[in-house]
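Engineer: One letter stands for each residue in the lines below.
There are 2 protein chains.
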Amino acid sequence: MSVTAPQGFEAAGVAAGLKSTGKPDVAVVVNRGPRKVGAAVFTSNRAKANPILWSQEVVKDGTVEAVVLNSGGANCFTGSFGFQTSHLTAEKAAELLGISAGDVVVCSTGLIGTGDETFRRHVLDGVEAGVRALSVDGGPSAAEAIMTTDTVAKTAVVSRDGWTIGGMAKGAGMLAPGLATMLVVITTDADLDADEADAALRRATGTTFDRLDSDGCMSTNDQVTLLANGASGIRPDPEAFAAALAQLSGELAKKLQQDAEGASHDITIEVRGAASEDEAVEVGRSVARNNLFKAAIFGNDPNWGRVLAAIGTTSAQFDPYDVDVWMNGVRVCSAGGPDRPREDVDLSPRATDLVIDLKVGTATATILTNDLTHDYVHENSAYSS
Amino acid sequence: MSVTAPQGFEAAGVAAGLKSTGKPDVAVVVNRGPRKVGAAVFTSNRAKANPILWSQEVVKDGTVEAVVLNSGGANCFTGSFGFQTSHLTAEKAAELLGISAGDVVVCSTGLIGTGDETFRRHVLDGVEAGVRALSVDGGPSAAEAIMTTDTVAKTAVVSRDGWTIGGMAKGAGMLAPGLATMLVVITTDADLDADEADAALRRATGTTFDRLDSDGCMSTNDQVTLLANGASGIRPDPEAFAAALAQLSGELAKKLQQDAEGASHDITIEVRGAASEDEAVEVGRSVARNNLFKAAIFGNDPNWGRVLAAIGTTSAQFDPYDVDVWMNGVRVCSAGGPDRPREDVDLSPRATDLVIDLKVGTATATILTNDLTHDYVHENSAYSS
Numbered sequence: 212m213s214v215t216a217p218q219g220f221e222a223a224g225v226a227a228g229l230k231s232t233g234k235p236d237v238a239v240v241v242n243r244g245p246r247k248v249g250a251a252v253f254t255s256n257r258a259k260a261n262p263i264l265w266s267q268e269v270v271k272d273g274t275v276e277a278v279v280l281n282s283g284g285a286n287c288f289t290g291s292f293g294f295q296t297s298h299l300t301a302e303k304a305a306e307l308l309g310i311s312a313g314d315v316v317v318c319s320t321g322l323i324g325t326g327d328e329t330f331r332r333h334v335l336d337g338v339e340a341g342v343r344a345l346s347v348d349g350g351p352s353a354a355e356a357i358m359t360t361d362t363v364a365k366t367a368v369v370s371r372d373g374w375t376i377g378g379m380a381k382g383a384g385m386l387a388p389g390l391a392t393m394l395v396v397i398t399t400d401a402d403l404d405a406d407e408a409d410a411a412l413r414r415a416t417g418t419t420f421d422r423l424d425s426d427g428c429m430s431t432n433d434q435v436t437l438l439a440n441g442a443s444g445i446r447p448d449p450e451a452f453a454a455a456l457a458q459l460s461g462e463l464a465k466k467l468q469q470d471a472e473g474a475s476h477d478i479t480i481e482v483r484g485a486a487s488e489d490e491a492v493e494v495g496r497s498v499a500r501n502n503l504f505k506a507a508i509f510g511n512d513p514n515w516g517r518v519l520a521a522i523g524t525t526s527a528q529f530d531p532y533d534v535d536v537w538m539n540g541v542r543v544c545s546a547g548g549p550d551r552p553r554e555d556v557d558l559s560p561r562a563t564d565l566v567i568d569l570k571v572g573t574a575t576a577t578i579l580t581n582d583l584t585h586d587y588v589h590e591n592s593a594y595s596s
Numbered sequence: 212m213s214v215t216a217p218q219g220f221e222a223a224g225v226a227a228g229l230k231s232t233g234k235p236d237v238a239v240v241v242n243r244g245p246r247k248v249g250a251a252v253f254t255s256n257r258a259k260a261n262p263i264l265w266s267q268e269v270v271k272d273g274t275v276e277a278v279v280l281n282s283g284g285a286n287c288f289t290g291s292f293g294f295q296t297s298h299l300t301a302e303k304a305a306e307l308l309g310i311s312a313g314d315v316v317v318c319s320t321g322l323i324g325t326g327d328e329t330f331r332r333h334v335l336d337g338v339e340a341g342v343r344a345l346s347v348d349g350g351p352s353a354a355e356a357i358m359t360t361d362t363v364a365k366t367a368v369v370s371r372d373g374w375t376i377g378g379m380a381k382g383a384g385m386l387a388p389g390l391a392t393m394l395v396v397i398t399t400d401a402d403l404d405a406d407e408a409d410a411a412l413r414r415a416t417g418t419t420f421d422r423l424d425s426d427g428c429m430s431t432n433d434q435v436t437l438l439a440n441g442a443s444g445i446r447p448d449p450e451a452f453a454a455a456l457a458q459l460s461g462e463l464a465k466k467l468q469q470d471a472e473g474a475s476h477d478i479t480i481e482v483r484g485a486a487s488e489d490e491a492v493e494v495g496r497s498v499a500r501n502n503l504f505k506a507a508i509f510g511n512d513p514n515w516g517r518v519l520a521a522i523g524t525t526s527a528q529f530d531p532y533d534v535d536v537w538m539n540g541v542r543v544c545s546a547g548g549p550d551r552p553r554e555d556v557d558l559s560p561r562a563t564d565l566v567i568d569l570k571v572g573t574a575t576a577t578i579l580t581n582d583l584t585h586d587y588v589h590e591n592s593a594y595s596s
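From first to last, the protein sequence lines stand for chains G and E.
Taking my numbering, the leading residue of the first sequence gets 212, the next gets one more, and so forth.
Taking my numbering, the leading residue of the second sequence gets 212, the next gets one more, and so forth.
Hints in this document: simulated from the structure, not taken from any laboratory.
Wrong hints could be hidden among the right ones.
[Unchecked claim] A few chain G positions that, by computed beta-carbon distances, are all more than 10 Å from chain E: (1) Met212; (2) Pro245; (3) Gln295; (4) Glu306; (5) Leu308; (6) Leu345; (7) Val347; (8) Ala506; (9) Arg517; (10) Ile522; (11) Ala546; (12) Ser559; (13) Lys570.
[To be verified] Rough simulated footprint, nothing fancy, chain E against chain G, three-plus residues with beta-carbon under 8 Å: (14) 256 to 267; (15) 282 to 290; (16) 320 to 328; (17) 577 to 585.
All values reported here derive from a predicted model rather than from experimental measurement.
Glycine included, each C-beta is placed from N, C-alpha and C at the ideal position.
Put together the whole structure using the sequences plus the hints.
Structural biologist: Given below as structure tokens:
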């Protein structure tokens, strides 16, 4: 049920002509209250798209009433005309909904550099059709409208005692956040203050979306938005809410990983025994970004030497001769030397587990990534995106 | 003529059974004097192979008489047995040449984790055969013996008034140094002191090998060694020598780029208008490591948005709305927005020029990289290396 699973939210997905295929490409999500709490995290890429620049201002006061999202164009590096388009998009939605433009978040995804007059006209038409189509059952169609090279719509719902969190996500390439990630909208009917929503969102993204690193490429348009309306009438325990939000975010991150462009393996890199969580993340990310390791996994080759070579490029504390590496449960490297033979490792399943024990401390972190495949190269060379 | 182009050097390449193909796999380069000056730079990967650990000690006193190199096994992460193998290799060469083992540099390349007793026996046999085969015409065969997935042997010679520099290099994947790179041996009959040799080598590698970033993966075995014997009897002007060495290093780096695994484009990324040279390098390297940009070039797609997205992940000074980008001479992006249409750019030639103007200063840097292709994925997934 996506973003309309919690009480008091309506959504819609409509086809506005942005996608040449004629598929849905504009989504609208509206919070019907009673509260209009909003929080968001954004890409840390310094080249930020116009909808990011707009939305950063919108969320500052902790109030968000609606989110308009489009696929079929990133409206990034489109200058002041592009910023005006994001502004006009919010104004159009606000006018039709009888709310303030300053409470409307805008998200765009697609080819960078796309954002001309045709793009603007299609988006504004989409807002009009989307607002008309709003419904409490509209979550799934909204999730479909934000897809780009995604092969499936990605939604998740977590329910607790009397309150619910719903979410939708898109993302298939450029999955390497720093602070935020992809386009994600999360709704809840739990009763939260703006600072509670912000804190819970940052905490949840920090260990979920932020640790998904499919291809090392950071997007200009990533945004995760949380809307909370208190419609359930229940103020959850902050810890319970944070845990539920982290669970939902983790589920969506996993779905993004499983649908990453061209991937044939979903690789979970667990780093153990690190001196600090930051160092565990640094090590996991370095391995996740090593093309030679990623290509080896595509070839079902348990090439642990490439893992150690990647660890060696980090600043993390470790002794190259006291590192253990497991692949799918088989210890292929112990104390920095060969252990079990490569023939013992079965890398044919799509789900791949890599465990690295640095043996210098007790900190851990898990990074999600994918292999480097012919299909990844094909999708990202044959089509502009 | 490779490393035997200068006077007073002998070399050989022999087949010692390390390569299953039976091709040459051990090379020996000997400096016959009169002077035995040596300098080297090494990989900055903290996971260093045993031959690196050995050779770092050898070059400390500025004296090197011989270099033994093998392909067919990296002798990395092979523990104390592997270190002993590097030591025994130097001792064997020293005994046969009547010199000190402490003046013999050892270099290995091939699969990480390879370095068992069979490997040791083959290398020691290779040293014996190699020393027997030493000749003043042996440079080309030595260059052939260090090839791994290289498709051509890489050599270069630069001659000036009465003195000569010769070099050989191997490298086809894992080309992303930090301080040193690949296996390279450079010889000269110019008369240099050890500190002059060291300074000239660091200066030359800093702007050549160090700025080749084929696939973002840093090797555990990279080493560039310079041997100088003064056999020409000429003490060159330090500036003239540094310039000649940089020219030769640049030629070898270009050959490494042109033979990078699976590449279909050799991309020269020139960053202009940076606040500092370090920032220009950071920007160039960030673009060079962006898989989406690299895949786009493979697909002959002038996707400048991916260039700007990569710049946005750096800490370099720039205004996203005041950046210009040229591809093969066509300005595709000006002031952070679309300029000439993508149809105007012809990316079909193998040599590809990307120019980025950050417009904040006067510093420049050039990074050499390659595209991300199906063949790269194939070579690095189908074979362990």
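Engineer: Regarding the assertion that methionine 212/G does not contact chain E, is the least Cβ-Cβ distance greater than 10 Å?
Structural biologist: 33 Å, holds
Engineer: Would the least Cβ to Cβ distance between serine 559/G and chain E come out above 10 Å?
Structural biologist: 13 Å, holds
Engineer: Is the Cβ of alanine 546/G more than 10 Å away from each Cβ in chain E?
Structural biologist: 8 Å, violated
Engineer: Alanine 506/G: least C-beta distance to chain E exceeds 10 Å?
Structural biologist: For alanine 506/G, whose nearest Cβ neighbour in chain E is about 4 Å away, the distance does not exceed 10 Å, so it is violated.
Engineer: When you look at the beta carbon of lysine 570/G, is every beta carbon of chain E farther off than 10 Å?
Structural biologist: 15 Å, holds
Engineer: Is the coverage entry for the stretch 577 to 585 of chain G by chain E consistent with the three-residue Cβ rule at 8 Å?
Structural biologist: holds (count 3)
Engineer: Confirm or reject: arginine 517/G is not an interface residue toward chain E, with every Cβ-Cβ distance exceeding 10 Å.
Structural biologist: 7 Å, violated
Engineer: Over 10 Å from every CB of chain E: does glutamate 306/G meet that, or does the non-interface label fail?
Structural biologist: 28 Å, holds
Engineer: Please settle this one: isoleucine 522/G was flagged as non-interface, so is its CB more than 10 Å from every CB on chain E?
Structural biologist: The claim breaks: isoleucine 522/G does not keep its Cβ more than 10 Å from every Cβ of chain E (closest is about 6 Å).
Engineer: Counting residues of the stretch 256 to 267 of chain G that have a beta-carbon nearer than 8 Å to any beta-carbon of chain E, does the count reach 3?
Structural biologist: holds (count 4)
Engineer: Take the stretch 282 to 290 of chain G, compare each residue's beta carbon with every beta carbon of chain E, and decide whether three or more fall closer than 8 Å.
Structural biologist: Check passed, 5 qualifying residues.
Engineer: Quick check for students: does the CB of glutamine 295/G sit more than 10 Å from each CB in chain E?
Structural biologist: Non-interface label stands for glutamine 295/G: nearest chain E Cβ at 13 Å, farther than 10 Å.
Against the hints set out earlier in the document, violations occur for numbers 8, 9, 10 and 11.
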